[in-house]
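Colleague: Chains A and B are the protein sequences, given in the same order.
Under the working numbering, think of the first position of the first sequence as 1, with each following residue one higher.
Under the working numbering, think of the first position of the second sequence as 113, with each following residue one higher.
The set of hints was computed from the structure by calculation and includes no laboratory data.
Treat the hints loosely; a few may be bogus.
When the alpha-carbon atoms are kept at most 30 Å apart in a straight line, the in silico DSBU-like pairs for lysine-lysine are as follows [claimed, not checked]:
1. B/Lys170 - B/Lys180
2. B/Lys169 - B/Lys134
3. B/Lys149 - A/Lys57
4. B/Lys180 - A/Lys57
5. B/Lys149 - B/Lys183
6. B/Lys149 - A/Lys11
7. B/Lys170 - B/Lys149
8. A/Lys15 - B/Lys170
9. A/Lys11 - B/Lys154
10. B/Lys154 - B/Lys169
11. A/Lys11 - B/Lys211
12. A/Lys17 - B/Lys154
13. B/Lys183 - A/Lys57
14. B/Lys180 - B/Lys149
15. B/Lys211 - A/Lys57
16. B/Lys134 - B/Lys154
17. B/Lys211 - B/Lys149
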Amino acid sequence: GAGVSQSPSNKVTEKGKDVELRCDPISGHTALYWYRQSLGQGLEFLIYFQGNSAPDKSGLPSDRFSAERTGGSVSTLTIQRTQQEDSAVYLCASSLGLDGYTFGSGTRLTVV
Amino acid sequence: GENVEQHPSTLSVQEGDSAVIKCTYSDSASNYFPWYKQELGKGPQLIIDIRSNVGEKKDQRIAVTLNKTAKHFSLHITETQPEDSAVYFCAASRGSSYKLIFGSGTRLLVRP
Numbered sequence: 001g002a003g004v005s006q007s008p009s010n011k012v013t014e015k016g017k018d019v020e021l022r023c024d025p026i027s028g029h030t031a032l033y034w035y036r037q038s039l040g041q042g043l044e045f046l047i048y049f050q051g052n053s054a055p056d057k058s059g060l061p062s063d064r065f066s067a068e069r070t071g072g073s074v075s076t077l078t079i080q081r082t083q084q085e086d087s088a089v090y091l092c093a094s095s096l097g098l099d100g101y102t103f104g105s106g107t108r109l110t111v112v
Numbered sequence: 113g114e115n116v117e118q119h120p121s122t123l124s125v126q127e128g129d130s131a132v133i134k135c136t137y138s139d140s141a142s143n144y145f146p147w148y149k150q151e152l153g154k155g156p157q158l159i160i161d162i163r164s165n166v167g168e169k170k171d172q173r174i175a176v177t178l179n180k181t182a183k184h185f186s187l188h189i190t191e192t193q194p195e196d197s198a199v200y201f202c203a204a205s206r207g208s209s210y211k212l213i214f215g216s217g218t219r220l221l222v223r224p
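Working from the sequences, and respecting the hints, build out all of it.
Modeller: Below you can see the structure in the form of C-alpha cells.
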C-alpha cells in the first residue's frame, strides 16, 4: 500500500483482557517499529524489527507485551492481561534503511 | 542509554514570526537527526532531517542546524502560518541502529 496501515484505529477493552494490534508496513520496507504515545506525551520506543535479525525488544515495558513480524511484513503487537496504564496510542512505523520513518495513524487503546 | 531533551514544551508565535525549537542529545555516536510534525489524530510525519556530516539543511521555510560539539540541533520555521500549528518532535539515532529516540515534543501555536 501507499502508507503504513494500522488496525483497529480504536480499541476499547476491559481490564485483564488480551488485545492484538496490527501493522501493515510499506511494501519493501525492511525495518518496522512500534512506539507508544501516552496522552500529551512523547513517543516511547517499544520494539523494532530489522530484516531477519533478532528484534530489539529493549523498550517493552513488561512481559505482558510481545510482538511478532511474520514473513518480514505484517506485525502484531500483543498485550496480555491489559491494565489501565496500558491506555495510549500505539504507533507503528516502517523504514527502508536510514531514510526516516513513515508512521501509521496509530491505534488508540483504552482499557476500562 | 541515549536521551534526547527538547524545549520549549509549548511555543506560541504570531503569524509571520519565526519559531525555533531546540534539542540536545546525550550519545556522541548519534549521527542522524530527523524532525517530525504531528497533527491532531494523526501519526508523526517527517518534515526534515540532517546527518552529522552536515551543519545546516534548508527546505523552503524550514531549516535545521546541528552543532556536534555541543550535541544540540534546532528546527527553525520562518514566516509561520496557522497551518504550522502542531506538535513537533526531534529525534536522534546512531548509524549502527535504525532505532530513533524522540524528544518529548513541542506544541507550536501560530496565532492568526
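Colleague: In ascending order, which of the hints set out earlier in this document are inconsistent with the structure?
Modeller: Violated: hint 8 alone.
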